[in-house]
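Protein chains: 2
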Amino acid sequence: MTVKVKDFGLNNLPDAVLEEYGDKTKDPRFRKVMLSLITHLHAFAKDVELTEEEWFAGIQFLTAVGQKCDDVRQEFILLSDTLGLSSLVDSINHDSAGGSATESTVLGPFYAEGAPELPMGANIVQQATEKGIRAVVMGDISNEQGQPIVGATLDVWQSSSDGFYHMQDENMPDHNLTGRFVTGEDGKYYFATEKPAAYPVPTDGPVGDMLRACGRHPMRPGHLHFIITAPGYKRLCTHIFTNEDEYLDSDAVFATKTSLVGEYKDCNDEALAKEMNVEMPFEKVVYNFILAESK
Amino acid sequence: MTVKVKDFGLNNLPDAVLEEYGDKTKDPRFRKVMLSLITHLHAFAKDVELTEEEWFAGIQFLTAVGQKCDDVRQEFILLSDTLGLSSLVDSINHDSAGGSATESTVLGPFYAEGAPELPMGANIVQQATEKGIRAVVMGDISNEQGQPIVGATLDVWQSSSDGFYHMQDENMPDHNLTGRFVTGEDGKYYFATEKPAAYPVPTDGPVGDMLRACGRHPMRPGHLHFIITAPGYKRLCTHIFTNEDEYLDSDAVFATKTSLVGEYKDCNDEALAKEMNVEMPFEKVVYNFILAESK
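Same order as they appear, the protein sequences are chains P and A.
Taking the UniProt record's numbering, the leading residue of the first sequence gets 1, the next gets one more, and so forth.
Taking the UniProt record's numbering, the leading residue of the second sequence gets 1, the next gets one more, and so forth.
Just chain P, with the same shape it has in the complex (with noise of 0.2 Å):
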């Protein structure tokens, strides 16, 4: 018996892969993404002509992403952020397609489950940080025929003046800056919390280095995040941004929207601070947020 040899070279790369992966995969979605993946991988390479000193560096590159992740660090969360995937992925998935629904963007590296329930009207603040600028957030949350819902999950979580969320800080309290509220009768929902700021995404890991030969800076502007859902309703996954904040022109990942920017605005309004229990002065920003109808 002689065995047949198969013989791999740039003649028939990637077509022999692809037709081994496409002749043995079963299932035909995981089929389909596993082609695509191995049709792109190699064009990339074919199209630079990758040096086996580049591809070697790529290896130790992706090791380092890998390694550098635990429970509270998600590197390759921050690498598809600061390659615009999370971007277009999110695009991808919710296409406003012309509807009156808020528009979503990235859900983010630093979500955590477990934020505390609060009463509507809490302040999410557990540790006050020295420079920041109490802030009270408040709006609707209605369908895309203005009436309010009911029975709505607003879960916000936020990094603190001090450009940490809680799970980046050892010396802040768990789930400091997060809260998950629940809405009444009137659909409304209303926090007190600390005015967001700009702040770089972690730059000692290899996201870091990438970021620094690229040239880019690691800025993203101040935001709130907020993950929104209620029965009937598509889950919106969705950020506030801070308004003449600088880096609004320059996300180190690719999530801001003009529709997504809230007003902060200096309130003198004292029934509002003694009713939401928020020293004067402070600032306020109004966001009507609309979910669209589940399908």
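Possibly wrong hints are sitting among the right ones.
Copies of the same chain are indistinguishable here, so a pair counts whether it falls within one copy or spans any two.
[As the list claims (entries may be wrong)] Pairs of lysine to any residue, SDA-like flavour, derived with a Cα cap of 25 Å:
1. K46 - D23
2. K6 - E275
3. K32 - K46
4. K32 - G205
5. K24 - N11
6. K131 - E275
Quick caveat, the hints were computed from the structure, so don't treat them as lab data.
On a predicted model such as this, the values are computed, not experimentally measured, just so you know.
Given the coordinates of chain P, assemble chain A onto it according to the supplied hints.
Just chain A, lined up with the frame of chain P:
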């Protein structure tokens, strides 16, 4: 002052990302690689309309690949190998273009610096395996004009007949089945070993999960690894594959080439057995390497 807000969405991704990296990345080669990478990464996500669940599964997979790597395990090289990328990069950089020099193939994840320097003719087996077949490997190292190359260094490594490289098996002596030989005036090389058998690439990590999900077997046909270097010649990284191996037509890492198959034959040469200090019976393979001159 009103800060301009950049809007990102399906209508300008990846163009806006390409513009950012294109403008800021100073090194022209690095810029070219980054722009091609971003182009193909985004095209992949668009082509398959990647869902958020699939994106997150990808993040988790790549994280697991990175975290499986350690001093003796390189799961990202294994991923590159099993997607055919390593073979493609080898082909891009070592296209034989019709010359007579020996073809190259992939390095694989199990090369380790520090193989023992051995006298020509030595046995690289420090610890024999029960089912190992004794073998003598020999041949010429010459240039494309047929002249012997004096002072060529041949680095050889292989897995045991049980399917493990020395660093994978804590019961194996360090650098078992590896060696470094330097050719003399005749340009000949020869050493004793065990005939390499087929073995599976490691399947206890995420790449193993991927192979199973894709219905692919993890087997590689038996092979000896070589890196051959000599002053004035291009470095040759290649294999001698074991003839009649059942996996020569389905190498899990797409690295086989007809020209790299060595014919192992039963050998009754008692004088050779005595000279090489090898017990009868044994097999012999003769394979001649031809190095291309460096330009």
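task: Can you give me the call for K32 and K46, within, between, both or neither, at a CA distance of at most 25 Å?
output: both (21 Å within a copy, 12 Å between copies)
query: Within a copy, between copies, both or neither: where do K24 and N11 come within 25 Å Cα-Cα?
result: This pair counts as within: shortest intra-copy Cα distance 22 Å, inter-copy 36 Å.
query: Can you tell me if K46 and D23 fall within 25 Å by alpha carbon in one copy, between copies, both or neither?
result: The answer is both: 24 Å in one copy and 23 Å across copies each meet 25 Å.
task: Evaluate K32 and G205 at a C-alpha cut-off of 25 Å and name the case that applies: within, between, both or neither.
output: Answer is between: at 23 Å across copies they meet the 25 Å cutoff, but 33 Å inside does not.
message: Regarding K131 and E275, is the shortest C-alpha distance of 25 Å or less found within a copy, between copies, in both, or in neither?
response: within (24 Å within a copy, 82 Å between copies)
- request: Tell me, please, which holds for K6 and E275 at an alpha-carbon limit of 25 Å: within, between, both or neither?
  value: Neither way: K6 and E275 sit 77 Å apart in one copy and 36 Å across, limit 25 Å.
Against the hints set out earlier in the document, a violation occurs for number 2 only.
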